[in-house]
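2 protein chains.
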Amino acid sequence: MTGADTIARLRGLVEESLAGTLASEAPRVPSPLREAMAYSLTAGGKRVRPVLLLSAGLAVGGKEDDLLPFACAVEYVHTYSLIHDDLPAMDDDDFRRGKPTSHKVFGEGTAILAGDALLTDAFRLMARSRLAEADPGRAVRAIADLARAAGGSGMVGGQQMDLSAAPGSSTAAAVDEIELRKTAALLASCARMGGILGGGSPAQVDVLGEYGTRLGLLFQVTDDILDETGSFVEMGKGIAKDRARGKWTYPVAHGMPAAVERASELERAAVAAVSTFGEEADPLRELARMVRNRRK
Amino acid sequence: MTGADTIARLRGLVEESLAGTLASEAPRVPSPLREAMAYSLTAGGKRVRPVLLLSAGLAVGGKEDDLLPFACAVEYVHTYSLIHDDLPAMDDDDFRRGKPTSHKVFGEGTAILAGDALLTDAFRLMARSRLAEADPGRAVRAIADLARAAGGSGMVGGQQMDLSAAPGSSTAAAVDEIELRKTAALLASCARMGGILGGGSPAQVDVLGEYGTRLGLLFQVTDDILDETGSFVEMGKGIAKDRARGKWTYPVAHGMPAAVERASELERAAVAAVSTFGEEADPLRELARMVRNRRK
Chain Z
10 MTGADTIARL RGLVEESLAG TLASEAPRVP SPLREAMAYS LTAGGKRVRP
60 VLLLSAGLAV GGKEDDLLPF ACAVEYVHTY SLIHDDLPAM DDDDFRRGKP
110 TSHKVFGEGT AILAGDALLT DAFRLMARSR LAEADPGRAV RAIADLARAA
160 GGSGMVGGQQ MDLSAAPGSS TAAAVDEIEL RKTAALLASC ARMGGILGGG
210 SPAQVDVLGE YGTRLGLLFQ VTDDILDETG SFVEMGKGIA KDRARGKWTY
260 PVAHGMPAAV ERASELERAA VAAVSTFGEE ADPLRELARM VRNRRK
Chain D
10 MTGADTIARL RGLVEESLAG TLASEAPRVP SPLREAMAYS LTAGGKRVRP
60 VLLLSAGLAV GGKEDDLLPF ACAVEYVHTY SLIHDDLPAM DDDDFRRGKP
110 TSHKVFGEGT AILAGDALLT DAFRLMARSR LAEADPGRAV RAIADLARAA
160 GGSGMVGGQQ MDLSAAPGSS TAAAVDEIEL RKTAALLASC ARMGGILGGG
210 SPAQVDVLGE YGTRLGLLFQ VTDDILDETG SFVEMGKGIA KDRARGKWTY
260 PVAHGMPAAV ERASELERAA VAAVSTFGEE ADPLRELARM VRNRRK
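Chain order of the listed sequences is Z and D. This note's numbering applies: residue 10 is where the first sequence begins, and numbers increase by one. This note's numbering applies: residue 10 is where the second sequence begins, and numbers increase by one.
Since the hints were made in silico from the structure, they are not lab data.
Since the list gives no way to pick out one identical chain from another, each pair is judged satisfied if it fits inside one copy or across any two copies.
Below, in silico cross-link-like pairs of lysine to any residue (SDA-like), each with a Cα-Cα straight-line distance of 20 Å or less:
no.: 1; residue 1: LYS113; residue 2: PRO97
no.: 2; residue 1: LYS55; residue 2: GLU24
no.: 3; residue 1: LYS113; residue 2: MET99
no.: 4; residue 1: LYS113; residue 2: SER173
no.: 5; residue 1: LYS305; residue 2: ARG20
no.: 6; residue 1: LYS256; residue 2: MET170
Make a model of the complete structure from these sequences and hints.
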C-alpha cells in the first residue's frame with residue numbers, strides 16, 4: 010500500500026469511528042446540542058489531526074483499534090476550537106467549509122455549549138477507551154499531552170494572542186508565536202500522542218513531535234496562502250479576510266513567492282524529521298506532501 | 010477535630026493549592042487570559058466541590074496530596090461553567106459573587122477563552138499529577154467520571170435544556186432533570202472521584218455518588234430558596250431572577266415552606282447515604298449541614 014492509500018484508508022476509519030461514536034452518545038445528549046455537535050463534526054473536515062495521530066501511532070507499531078478513540082478525541086478538540094473561533098465575539102465568521110457556522114444555525118448559546126461539550130467529551134472518549142483500561146499509563150500521558158497543547162498555554166493561549174493583537178500591529182515574531190500555539194501545538198501533540206499510545210520510545214516521541222510542529226507550521230502557511238489565492242467555492246469560507254483585518258501572515262508580509270518557498274522548506278523539514286524511520290513512516294511523508302499541495 | 014474544623018482546614022488547603030497552581034502556570038499563559046482565569050478562580054467561591062472531593066477521598070483512606078490536583082481540577086471545571094453560563098448568549102448575568110462577571114471585565118471573547126482554558130487545563134492538572142504517575146488506573150477512571158458528568162450528557166446537556174426551555178413552560182419533571190444534570194451530576198462526580206482516587210471499593214464509590222447526588226439537589230434547592238429570599242448584598246448577584254425569567258424552581262412552584270422541608274429531607278437523605286461510614290465521614294455530614302444552612 011502506498012502512503013496515499015494508507016491515508017485514504019485511515020481517513021475512512023476516522024469517519025466510521027466518528028459516526029459510531031456520535032450515534033452511541035446521541036441518546037444521552039439533549040437537542041439541539043446533539044444536532045449542533047454532529048453538524049460541526051460532520052461538516053467535511055479533512056481529518057488531518059486524527060489521521061496524523063493514527064499515522065504516527067502506526068509508525069511506532071501501535072494498533073488501530075487502540076488509537077481510534079484518541080483520534081476521534083483530537084478531532085472533537087479541533088472541531089470545538091473552530092466553533093468557538095467563529096463566534097461573533099471572536100473571528101465572527103458566517104461560513105466554514107461552505108456551510109453556515111454553528112452560531113448562525115443554532116444560535117450563539119448552543120454554539121458555545123456545543124464547543125464545551127465536544128471539548129469535555131473528547132476527554133471522556135480517551136479516558137474510557139480500551140487502551141485506558143489496558144495501559145492507563147500510556148493513556149494518561151497522551152491525555153496530559155493533549156491538554157497541555159490545547160489549553161491556556163497552548164491553543165487557547167494562541168487564540169487569545171490573536172484576539173488581543175491590534176490590526177496591523179503584529180510583528181513577525183509575534184505572529185510566529187501565535188501560529189505555533191494556535192495550530193502547530195495541537196498538530197505536534199497529535200503526532201506525539203500517536204507515538205506515546207503506540208508504544209514509541211521517548212526519542213521516537215520527540216522526533217514525531219518535531220515532525221508535527223513542522224507539519225503544523227506548513228499547514229498554517231498553506232492556509233495563509235489559500236486565504237490570499239483561493240476562491241469562496243474552493244475554500245468554503247470568506248477569502249482574504251486576514252488581509253482585510255490587517256492581520257500579519259507570511260504571504261501578506263513577504264509576498265507569495267516567499268510563502269510558497271517557505272511551504273516547500275517546511276515540507277522538507279517535516280520529512281527530514283522522520284528520516285530515522287523506514288517505510289512505516291511513509292504515511293507521515295505523504296501527509297506532509299498532501300498538506301502542502303492542498304487546494305482547500 | 011470536628012467535621013467543621015476539617016472542612017475549614019480542607020478549604021484552606023484548596024485555596025493554597027489553587028494559588029500555587031495559578032502562580033506556576035501563569036508565565037506560560039498570555040495576558041489577559043491569565044488575568045481572566047485568575048479573576049474568576051479567586052472570586053470568593055465556597056469551594057464546595059473540591060472540599061467534597063477531598064472529604065470523600067479522606068473517608069476511604071486517600072492522601073490529601075494525591076487528591077489536591079483533582080480537587081483543583083473540579084474547581085477549574087466549576088469556574089469555567091460559571092463564566093460561560095453568565096455570558097450574554099446564555100444567562101446574561103452582570104454580577105457573580107458581588108463582582109462584575111468575566112465578560113463585563115474582560116470582554117466576551119476573553120471570557121469564552123478563559124472558560125475554555127480552565128476546562129482544558131483541568132484535565133491537564135489531573136493527567137500530569139503525581140497520582141496519575143503512581144496509579145494511572147485510578148487517575149484515568151476519575152478523569153472519565155468527571156468528563157462524563159461535565160459533558161454533553163451531563164452538565165453541558167443540563168445547561169442546554171435550561172437554555173432551550175421556554176419561559177414558564179417547564180414541567181416539574183423537566184426541571185428535576187435539568188437540576189440533576191446542571192448541578193447534581195458534577196457534585197456526585199466529585200464525591201465518586203474522591204472515592205476512586207482514595208482507593209475506595211466499588212460499593213463505597215457508589216455510596217459516595219449517592220451522597221453527592223443528594224448533596225447536589227440540596228445545593229440546588231437552597232440556591233433556589235436564596236434566589237427568592239436573599240438580598241444582593243448577601244448573594245452578590247441579582248435576586249429573584251429565576252422568577253422574573255419565568256423559570257420553574259421548587260420554591261416558585263410549591264412555595265417556601267415546602268422548599269425548606271425538601272431541603273431538610275435532602276440533608277437527611279445525604280447523611281443517610283453515608284451511614285455505613287464511621288467518623289471518617291463526619292466532614293461529609295458536616296458539609297450537608299453547611300450546604301443546607303448557607304446564607305449565600
